[in-house]
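Asks: Sequence:
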Amino acid sequence: MTEKLAMGIYDDLDQQIQPILYIDPVLSNIIVFGGHMSGKTTFLKTLLVRLHENGPEAPKRDIYVLDFGGNLGEYRDLGRVAACFDSSSEENVRRVFKTIESRLEENSKNLFSKQFAEIYGRDENSPPHIMLFIDNVTSFLADDRYEAYHDLLLRFCRDGLSKGLTVVFTANDVSGGLGRYMGSFNRKFALPGSADKYIDIFGMKVNEPMGNAGRGVTIIDGKPRECQIFLPFMDEEKGLAALNERCRTLGIETEKLVAFRGALTEENFFEYLSTRYDISDDPNKDEYVVGLDYYEHLPVSVDFNEIHSIAIYGKKKFGKTNLLKLLLDSVRKSHSDHRFVYFDDGRKQLEELYNNDKGSNKFYVTNIEQLYDLLDSEGYAAKMGAGGINKNFTEKDTPPTIFILQNKMLFQAAGAQLLKQVFPKMIARAEEKNYWFIFSDVRKISNNDRDAESSLNTGIAVAFLLDSIADFVTDRGNRSVFGEMDPKELKSEYARCELGDGYFYDIESDDLKKLKFLKAE
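Per the working numbering: the sequence shown = residues 1108 to 1628.
Hint data in this document are derived by calculation from the structure and do not stem from the laboratory.
Treat the numbers as computed from the prediction; the structure is a model and nothing was measured.
In this text, a Cβ means the ideal position worked out from N, Cα and C, and glycines have one as well.
A hint or two may mislead.
Claimed, not checked - Mimicking DSSO-like on lysine-lysine, the simulated pairs with C-alpha atoms at most 30 Å apart in a straight line are:
{"hint": "1", "residue 1": "LYS1532", "residue 2": "LYS1432"}
{"hint": "2", "residue 1": "LYS1221", "residue 2": "LYS1304"}
{"hint": "3", "residue 1": "LYS1440", "residue 2": "LYS1363"}
{"hint": "4", "residue 1": "LYS1455", "residue 2": "LYS1469"}
{"hint": "5", "residue 1": "LYS1515", "residue 2": "LYS1363"}
{"hint": "6", "residue 1": "LYS1424", "residue 2": "LYS1626"}
{"hint": "7", "residue 1": "LYS1455", "residue 2": "LYS1626"}
{"hint": "8", "residue 1": "LYS1551", "residue 2": "LYS1626"}
{"hint": "9", "residue 1": "LYS1490", "residue 2": "LYS1424"}
{"hint": "10", "residue 1": "LYS1527", "residue 2": "LYS1498"}
{"hint": "11", "residue 1": "LYS1392", "residue 2": "LYS1345"}
{"hint": "12", "residue 1": "LYS1304", "residue 2": "LYS1216"}
{"hint": "13", "residue 1": "LYS1205", "residue 2": "LYS1626"}
{"hint": "14", "residue 1": "LYS1345", "residue 2": "LYS1363"}
{"hint": "15", "residue 1": "LYS1440", "residue 2": "LYS1515"}
{"hint": "16", "residue 1": "LYS1595", "residue 2": "LYS1424"}
{"hint": "17", "residue 1": "LYS1515", "residue 2": "LYS1503"}
{"hint": "18", "residue 1": "LYS1540", "residue 2": "LYS1527"}
{"hint": "19", "residue 1": "LYS1598", "residue 2": "LYS1205"}
{"hint": "20", "residue 1": "LYS1432", "residue 2": "LYS1111"}
{"hint": "21", "residue 1": "LYS1620", "residue 2": "LYS1595"}
{"hint": "22", "residue 1": "LYS1167", "residue 2": "LYS1363"}
{"hint": "23", "residue 1": "LYS1465", "residue 2": "LYS1515"}
{"hint": "24", "residue 1": "LYS1465", "residue 2": "LYS1498"}
{"hint": "25", "residue 1": "LYS1532", "residue 2": "LYS1503"}
{"hint": "26", "residue 1": "LYS1455", "residue 2": "LYS1515"}
{"hint": "27", "residue 1": "LYS1330", "residue 2": "LYS1345"}
{"hint": "28", "residue 1": "LYS1465", "residue 2": "LYS1423"}
{"hint": "29", "residue 1": "LYS1295", "residue 2": "LYS1312"}
{"hint": "30", "residue 1": "LYS1205", "residue 2": "LYS1422"}
{"hint": "31", "residue 1": "LYS1540", "residue 2": "LYS1392"}
{"hint": "32", "residue 1": "LYS1221", "residue 2": "LYS1440"}
{"hint": "33", "residue 1": "LYS1598", "residue 2": "LYS1424"}
Said to hold, decoys possible - Okay, the calculated beta carbon distance ranges per label pair:
{"hint": "34", "residue 1": "GLY1318", "residue 2": "TYR1129", "range": "54 to 62 Å"}
{"hint": "35", "residue 1": "ARG1353", "residue 2": "GLU1615", "range": "49 to 57 Å"}
{"hint": "36", "residue 1": "ASN1232", "residue 2": "GLY1310", "range": "34 to 42 Å"}
{"hint": "37", "residue 1": "GLU1615", "residue 2": "ALA1165", "range": "44 to 52 Å"}
{"hint": "38", "residue 1": "ASP1410", "residue 2": "GLY1162", "range": "42 to 50 Å"}
{"hint": "39", "residue 1": "ASP1613", "residue 2": "PRO1531", "range": "54 to 62 Å"}
{"hint": "40", "residue 1": "GLU1164", "residue 2": "GLU1615", "range": "46 to 54 Å"}
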């Protein structure tokens, strides 16, 4: 299926006419050069409008826009625009690349070794056409945060057309590493401000056109031609509003990559929840949702039927207490009869949670001796002291119990016996006895006690990290449950965390997810 989009007019000097300038977005990668106010962004706007002029019967198309020029935000609501992100959020840019990479893999499976253009629009089951717009690609290439994506972008440019991806760039000139991408673009436009680069752009001498915005040069049938790009609308405000309304009326739409804006709360949770989430898959009452996966926007939850030991790592004032409160509130709502044991220290960071706990079965202790006494007297574990184990200890039938372990002395020499002997035995029977352990502020083990480190790491089923993971693994987390991960790979894979961001790590399945945590009420 061929597609002709009217982008402007051009001067055909041989025929002395001004025909319509058409482009076929399925067959061509497109790059537009020009100086400031030359009409580069106007070109993209016009192209976006043309891509929405067909009705819902047109073949499926999804458009991803990286707006590094900061001028395309008003077009984000158009029906076929799956994402429109500026440069302010590193994670959103990475999401676009990961999404396109995944979708190209899916397209490849459905092409059955054919070229995308051969089957595009043939029937309703044809793979969708994908487009990636980068306005001001020079800025993207110059940003160190995205260096890991340069090679992937090059693959998109070289191999994308055959799999259903068209790439559209704007740039000031060919500097900044753009030269190696140029061979993948068969439609090039040079607008005012780029005349001194015509040799680099077209590989030939070209006469400079008039210096009007939108006036430029392109190659048609092997010859340079002056062209004038159409405006997207005569009145952009009214025209864009009318086009958006037309998209809504006709049902021209695609699944959006929604960006998190501020905190994730119960009030806005469903605004961000992926439309692919099946509401019939709602978690059971012991599966507690803690946030949304950053890339899929699917719920991330902890199933207390399966998980009995949780560790929370992170830096100060980055959301650890919020996550703990979220978990405890969820458990208490489901099980008012469960016992909560708060093991605090002199910082008294658990005191407010304890005081606000509406349950009647709860304990609050602030030093290791008190915890030993509690475990022994209530029948959980025998007290261990200088004289050895309490031989008069009697194990009792205890209620389902959540141990909230915040005391920093756990990770000093005084807490070694708890980490190496007492807790491992209790965790081993946790499913049978209905125990849950939440190490709510895990720290680096002092005195280089490798046995204590190993016992702690082995006992943890799920870990949360509220910090930028590459920095954490490089520094204080190199001997944690995250310690075997490669910091370089993590740095290229994940952007730095903002407040409210973090990671969920299922140790047994080796499943690492970045997520936006729910803000507790």
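Asks: Does each hint hold? Answer for all of them.
Replies: Cross-check of the supplied hints:
no. : hint                          : result
1   : LYS1532 - LYS1432             : holds (26 Å)
2   : LYS1221 - LYS1304             : violated (37 Å)
3   : LYS1440 - LYS1363             : violated (34 Å)
4   : LYS1455 - LYS1469             : holds (16 Å)
5   : LYS1515 - LYS1363             : violated (44 Å)
6   : LYS1424 - LYS1626             : holds (14 Å)
7   : LYS1455 - LYS1626             : holds (22 Å)
8   : LYS1551 - LYS1626             : holds (27 Å)
9   : LYS1490 - LYS1424             : violated (35 Å)
10  : LYS1527 - LYS1498             : holds (20 Å)
11  : LYS1392 - LYS1345             : violated (50 Å)
12  : LYS1304 - LYS1216             : violated (40 Å)
13  : LYS1205 - LYS1626             : holds (26 Å)
14  : LYS1345 - LYS1363             : holds (24 Å)
15  : LYS1440 - LYS1515             : holds (28 Å)
16  : LYS1595 - LYS1424             : holds (26 Å)
17  : LYS1515 - LYS1503             : holds (28 Å)
18  : LYS1540 - LYS1527             : holds (20 Å)
19  : LYS1598 - LYS1205             : holds (15 Å)
20  : LYS1432 - LYS1111             : violated (57 Å)
21  : LYS1620 - LYS1595             : holds (17 Å)
22  : LYS1167 - LYS1363             : holds (14 Å)
23  : LYS1465 - LYS1515             : holds (26 Å)
24  : LYS1465 - LYS1498             : violated (36 Å)
25  : LYS1532 - LYS1503             : holds (15 Å)
26  : LYS1455 - LYS1515             : holds (11 Å)
27  : LYS1330 - LYS1345             : violated (38 Å)
28  : LYS1465 - LYS1423             : holds (27 Å)
29  : LYS1295 - LYS1312             : holds (14 Å)
30  : LYS1205 - LYS1422             : holds (28 Å)
31  : LYS1540 - LYS1392             : holds (19 Å)
32  : LYS1221 - LYS1440             : violated (55 Å)
33  : LYS1598 - LYS1424             : holds (22 Å)
34  : GLY1318 - TYR1129: 54 to 62 Å : violated (25 Å)
35  : ARG1353 - GLU1615: 49 to 57 Å : holds (51 Å)
36  : ASN1232 - GLY1310: 34 to 42 Å : holds (41 Å)
37  : GLU1615 - ALA1165: 44 to 52 Å : holds (46 Å)
38  : ASP1410 - GLY1162: 42 to 50 Å : holds (45 Å)
39  : ASP1613 - PRO1531: 54 to 62 Å : violated (20 Å)
40  : GLU1164 - GLU1615: 46 to 54 Å : holds (48 Å)
In this structure, the hints that do not hold are numbers 2, 3, 5, 9, 11, 12, 20, 24, 27, 32, 34, 39, in rising order.
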